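Sequences listed follow chains A and B, in order. For the first sequence, the numbering used here gives the first residue as 405, with consecutive numbering after it. For the second sequence, the numbering used here gives the first residue as 69, with consecutive numbering after it.
Bear in mind the hints are in silico, worked out from the structure with no lab data behind them. Hints should not be assumed to be uniformly reliable.
[Claimed, not checked] Looking from chain B toward chain A, a few residues come up when the C-beta cut is under 10 Å (computed): (1) Lys95; (2) Val118; (3) Gly119; (4) Gly132; (5) Trp136; (6) Ile162; (7) Phe167; (8) Ser215; (9) Arg246.
[As the list claims (entries may be wrong)] Partial chain B-side listing against chain A, Cβ under 8 Å, derived: (10) Leu120; (11) Pro150; (12) Leu159; (13) Met171; (14) Ser175; (15) Thr180; (16) Lys182; (17) Ile183.
Remember, it's a predicted structure, so these values are computed and weren't measured experimentally. The beta-carbon is built from N, C-alpha and C at its ideal position, and this holds for glycine as well.
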Amino acid sequence: MNKLFSLIKTDLNVTFGLSSILYSFKAKRQRWQMLLFGIAMLSLIPTYVLFLVSLEKLYVSFRQIGQQSYFLLTGFLGSQMIVFFFGLLYVMSKYYFSNDLMHLLPLPIKPSHILTSKFITIMVSEYLTSIPVFLPFVIIYGIKGRVGLLYWIYTLLALITFPILPLVLASIVIMLLMKYTNIKGKRDLIRTISSILFIVLILYSQLKIQNLAQKAMLEGKDFYFNLARDANLLVRNLGLVFPPSMWGALSLANYNKVIGLTNILMFVATSIAGFALMIFLSERIFFDGLIGNIEVTATKGKDRRKDLYRVTSVKKPYLAIAKKELKMLIKTPIYLMNSVGGVIIGPIIIVLSLFTGEQSTEPLAQYLSSNMDIVILASIGMIGALGILNSVGATTFSREGKNFWIQRTLPIKAKDQILGRVLASIALQVLGGFVLIGCILFIIRLDILSILLILVLGLIASIPMTQIGMIIDILRPMLNWSNPQQAMKQNLNVLIGMGVGVLYGGALIILVKFMLNKINIWGIYSILTTILFISIIVFSIILKKLIEKQFREL
Amino acid sequence: MLKLNNISKSYNKGEVKAVDNLNLEIKSGEIFGFLGPNGAGKTTTIKMIVGLLKPDEGKIILDGVDVWQDSLRAKSMISYVPDNPEIYDRLNGIEYLNFIADMYGISKEERTKKIEYYTKLFNIEDSLGDIIGSFSHGMKQKLVLTSALLNDPNLFILDEPMVGLDPKSSFNLKEIMRKMCNEGKTVFFSTHVMEVAEKLCDRIAIINKGKIIALGTMEELRAHAKERESLENIFLELTDNE
Ligand SMILES: Nc1ncnc2c1ncn2[C@@H]1O[C@H](COP(=O)(O)OP(=O)(O)OP(=O)(O)O)[C@@H](O)[C@H]1O
Ligand SMILES: [Mg+2]
Numbered sequence: 405m406n407k408l409f410s411l412i413k414t415d416l417n418v419t420f421g422l423s424s425i426l427y428s429f430k431a432k433r434q435r436w437q438m439l440l441f442g443i444a445m446l447s448l449i450p451t452y453v454l455f456l457v458s459l460e461k462l463y464v465s466f467r468q469i470g471q472q473s474y475f476l477l478t479g480f481l482g483s484q485m486i487v488f489f490f491g492l493l494y495v496m497s498k499y500y501f502s503n504d505l506m507h508l509l510p511l512p513i514k515p516s517h518i519l520t521s522k523f524i525t526i527m528v529s530e531y532l533t534s535i536p537v538f539l540p541f542v543i544i545y546g547i548k549g550r551v552g553l554l555y556w557i558y559t560l561l562a563l564i565t566f567p568i569l570p571l572v573l574a575s576i577v578i579m580l581l582m583k584y585t586n587i588k589g590k591r592d593l594i595r596t597i598s599s600i601l602f603i604v605l606i607l608y609s610q611l612k613i614q615n616l617a618q619k620a621m622l623e624g625k626d627f628y629f630n631l632a633r634d635a636n637l638l639v640r641n642l643g644l645v646f647p648p649s650m651w652g653a654l655s656l657a658n659y660n661k662v663i664g665l666t667n668i669l670m671f672v673a674t675s676i677a678g679f680a681l682m683i684f685l686s687e688r689i690f691f692d693g694l695i696g697n698i699e700v701t702a703t704k705g706k707d708r709r710k711d712l713y714r715v716t717s718v719k720k721p722y723l724a725i726a727k728k729e730l731k732m733l734i735k736t737p738i739y740l741m742n743s744v745g746g747v748i749i750g751p752i753i754i755v756l757s758l759f760t761g762e763q764s765t766e767p768l769a770q771y772l773s774s775n776m777d778i779v780i781l782a783s784i785g786m787i788g789a790l791g792i793l794n795s796v797g798a799t800t801f802s803r804e805g806k807n808f809w810i811q812r813t814l815p816i817k818a819k820d821q822i823l824g825r826v827l828a829s830i831a832l833q834v835l836g837g838f839v840l841i842g843c844i845l846f847i848i849r850l851d852i853l854s855i856l857l858i859l860v861l862g863l864i865a866s867i868p869m870t871q872i873g874m875i876i877d878i879l880r881p882m883l884n885w886s887n888p889q890q891a892m893k894q895n896l897n898v899l900i901g902m903g904v905g906v907l908y909g910g911a912l913i914i915l916v917k918f919m920l921n922k923i924n925i926w927g928i929y930s931i932l933t934t935i936l937f938i939s940i941i942v943f944s945i946i947l948k949k950l951i952e953k954q955f956r957e958l
Numbered sequence: 069m070l071k072l073n074n075i076s077k078s079y080n081k082g083e084v085k086a087v088d089n090l091n092l093e094i095k096s097g098e099i100f101g102f103l104g105p106n107g108a109g110k111t112t113t114i115k116m117i118v119g120l121l122k123p124d125e126g127k128i129i130l131d132g133v134d135v136w137q138d139s140l141r142a143k144s145m146i147s148y149v150p151d152n153p154e155i156y157d158r159l160n161g162i163e164y165l166n167f168i169a170d171m172y173g174i175s176k177e178e179r180t181k182k183i184e185y186y187t188k189l190f191n192i193e194d195s196l197g198d199i200i201g202s203f204s205h206g207m208k209q210k211l212v213l214t215s216a217l218l219n220d221p222n223l224f225i226l227d228e229p230m231v232g233l234d235p236k237s238s239f240n241l242k243e244i245m246r247k248m249c250n251e252g253k254t255v256f257f258s259t260h261v262m263e264v265a266e267k268l269c270d271r272i273a274i275i276n277k278g279k280i281i282a283l284g285t286m287e288e289l290r291a292h293a294k295e296r297e298s299l300e301n302i303f304l305e306l307t308d309n310e
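Assemble the whole structure, with the sequences as input and the hints as a guide.
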């Protein structure tokens with residue numbers, strides 16, 4: 405047990421950098437960065453308030469049909485889904501790709517102990533990401549429904565346990581995936597593709613089940629009669645996509661009845677049982693996926709020598725930097741899933757949800773076709789947003805990590821650094837742009853001109869977004885990481901970048917909204933382009949100054 | 069060619085004075101050895117020369133160029149091999165070398181010739197197509213050495229270069245250093261291996277607690293010490309602080 409506690413303590417300390425946070429608080433030059441961080445966080449507040457307001461409206465609309473328990477189900481499902489999907493990434497990198505494994509493996513520790521300590525660290529990260537979603541649901545329900553003390557006790561129990569089961573599932577899925585894809589050769593590629601396929605599959609089947617349940621319920625006799633009679637009707641039917649979420653919702657909604665008690669017991673008991681199952685499985689399959697991970701394929705081929713001249717190619721410095729950035733993104737599974745996966749999966753989700761919706765897409769298509777300008781502007785906005793959402797800009801210097809010395813000792817112009825790194829990010833936006841346009845084409849027809857407008861203006865809009873991320877990242881690069889996951893997923897720079905990006909993008913959206921219907925659409929496009937270009941120039945100047953300073957002084 | 073004027077550097081807000089008012093002048097065509105016990109300040113000094121650590125005080129001048137003012141020009145003349153070769157482990161060998169060569173703007177003929185020559189010399193030419201993550205410590209070291217030699221540096225700076233190299237490679241490295249000096253280039257390296265310093269270096273500095281405590285040719289060092297036989301004895305005598 406002592407071993408386990410010390411493992412947990414060390415892992416938490418290393419992951420969240422508790423020691424180095426304390427250390428950096430003492431340093432003076434960190435303080436104004438904290439200020440910047442604070443401002444960025446504040447800028448997220450309006451978005452969050454908007455989220456709360458719309459939740460409240462949602463609650464009211466469910467109560468009107470007497471199905472407010474469905475509101476709770478939405479909360480459980482939503483936050484447990486978040487835990488599951490983040491969990492897949494966290495688990496993959498923490499169980500299989502973190503550097504401390506090299507030190508832990510030779511030690512006489514049971515795999516289940518290693519996993520438990522890592523599981524708990526991930527739980528903490530999961531609480532941080534999912535509680536802001538979970539809490540508003542239970543609190544709004546509690547306050548509006550004037551509930552009793554027992555409700556809050558059940559809530560506390562649910563709050564503590566809700567991430568366990570999805571995280572257990574994510575762990576098991578990843579452990580199985582790693583075990584069966586532990587194949588020499590293109591291991592990383594196989595794993596990335598299979599995880600993306602898996603995510604799409606899961607999403608698809610979730611939506612499908614929900615859809616079927618919905619249909620069955622609507623077609624069943626006396627739907628409206630049942631709806632009025634059974635306050636848990638929606639939960640019982642639509643909760644089938646993930647029964648534990650259903651139990652959670654049922655227990656809170658019926659806290660003052662026996663089924664409330666049985667459901668909360670089920671909820672907690674399955675969490676504990678799931679955890680035990682995972683630990684049991686880990687003793688058997690964890691090492692199978694891990695061993696061989698450290699070994700990388702080396703060809704040791706003599707034939708490589710002859711074509712040395714052929715594989716040697718000369719590139720302009722900025723192109724060489726862009727190429728290297730992309731190579732590293734593609735060859736590091738964690739980066740690949742976060743950046744490329746993100747720009748691909750986003751649009752796919754949109755299409756899937758429209759298609760399994762079964763209700764004909766006709767009205768939607770008709771509405772969109774008669775508002776082409778809005779469609780184009782919104783698409784431009786989406787591609788632009790990818791510039792910050794792909795996390796490439798906001799982690800570009802952090803990702804260098806311990807290799808940062810290489811570029812700091814080379815004679816590289818700041819201009820080339822900016823251009824190269826922006827280009828790498830744009831390459832992803834191009835990919836995202838094509839996927840998005842493909843998705844839109846599923847719903848409505850677009851002419852060539854519109855497609856060009858979306859792509860060109862979208863890419864231009866993504867440049868200042870990427871640059872905002874880069875400015876933040878060069879101000880406080882996170883270089884001391886042991887696991888690529890930390891450079892990308894646990895990097896606050898991404899969050900700060902999103903905050904500042906929301907402010908910048910929000911200002912542009914307000915401006916466009918103001919101009920809409922007042923100015924000719926082409927006038928809006930040209931004003932927008934002008935503003936974007938001015939931003940790009942201003943941000944480039946700031947970046948150049950900062951890069952020169954930071955490359956010298958870090 | 070390389071001048072360090074009153075260089076100081078401390079860590080943790082002045083709590084640890086790693087380099088203390090250091091002065092040093094190194095001529096062109098010289099192999100200069102930098103010795104000192106662990107924690108003496110060798111790596112810190114080297115990092116200040118190559119642009120990784122900004123000195124708190126003082127100036128570093130290379131061929132009339134202030135290293136910290138006109139850093140791009142200085143960096144194009146310097147090549148640096150760190151004590152711990154942390155390089156992009158997801159790239160393969162040839163991709164890494166091409167990347168470095170692109171940063172220096174080296175032509176295709178030139179880089180192919182050099183890559184061929186040095187990788188053959190260090191016996192890593194068969195591994196160039198493999199990703200660096202699969203390299204041993206010594207192989208990484210050799211790859212960094214190769215990349216550092218691509219641009220014909222005027223100043224070649226190495227931090228404990230012999231650590232982890234096999235006997236043949238460290239012999240080859242010494243030959244390369246000699247050849248560079250004959251061409252009028254400067255080599256500056258730190259080491260803990262006394263024989264290497266003794267046989268290879270034109271001049272030697274011994275640093276302790278951030279200060280230079282002895283500087284000169286082997287002959288001059290001998291003249292200062294009581295124990296006159298080997299560098300090892302001189303080193304032990306000078307760095308022995310009660
Ligand atoms: N990043 C750092 N933060 C704080 N102190 C440091 C740091 N790097 C070095 N020091 C301190 O500076 C002093 C000089 O260290 P340096 O690495 O220059 O020694 P060195 O001569 O290279 O030693 P070695 O022979 O072990 O490589 C030591 O006291 C060390 O503790
Ligand atoms: Mg050292």
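Checked hints:
Violation of the interface hint for lysine 95(B) is found here, the shortest Cβ-Cβ separation to chain A being roughly 23 Å, above the 10 Å cut-off. Below 10 Å, beta-carbon pairs count as interface contacts, and valine 118(B) has one with chain A at about 5 Å; its hint therefore holds. Hint status for glycine 119(B) relative to chain A: holds, with the closest Cβ pair at about 6 Å, below 10 Å. Hint on glycine 132(B) is violated. Least Cβ distance to chain A is approximately 17 Å, over the 10 Å limit.
With a cut of 10 Å, the hint placing tryptophan 136(B) at the interface with chain A holds, because the nearest CB-to-CB distance is about 7 Å. With a least beta-carbon distance of about 5 Å to chain A, the hint placing isoleucine 162(B) at the interface is held under the 10 Å criterion. Given the 10 Å rule on beta carbons, the hint for phenylalanine 167(B) holds: about 5 Å separates it from the nearest Cβ of chain A. The interface hint given for serine 215(B) is met, as the beta carbon of that residue sits about 9 Å from the closest beta carbon of chain A, less than 10 Å.
Because the beta carbon of arginine 246(B) sits about 24 Å from the nearest beta carbon in chain A, more than 10 Å, this interface hint is broken. Of the supplied interface hints, the one on leucine 120(B) holds, with its beta-carbon coming within about 6 Å of a beta-carbon of chain A, less than 8 Å. The closest approach between the C-beta of proline 150(B) and any C-beta of chain A is roughly 6 Å, which is under the 8 Å cut-off, so the hint is satisfied. With a least beta-carbon distance of about 6 Å to chain A, the hint placing leucine 159(B) at the interface is held under the 8 Å criterion.
Among the interface hints, the one on methionine 171(B) holds; its C-beta lies about 4 Å from the nearest C-beta in chain A, closer than the 8 Å criterion. Hint status for serine 175(B): holds, given a least beta-carbon distance of 7 Å to chain A, under 8 Å. Hint status for threonine 180(B) relative to chain A: holds, with the closest Cβ pair at about 5 Å, below 8 Å. Because the beta carbon of lysine 182(B) sits about 10 Å from the nearest beta carbon in chain A, more than 8 Å, this interface hint is broken.
Here the hint on isoleucine 183(B) is kept, as its CB sits about 7 Å from the closest CB of chain A, short of 8 Å.
The structure is inconsistent with the numbered hints 1, 4, 9 and 16, although it conforms to all the rest.
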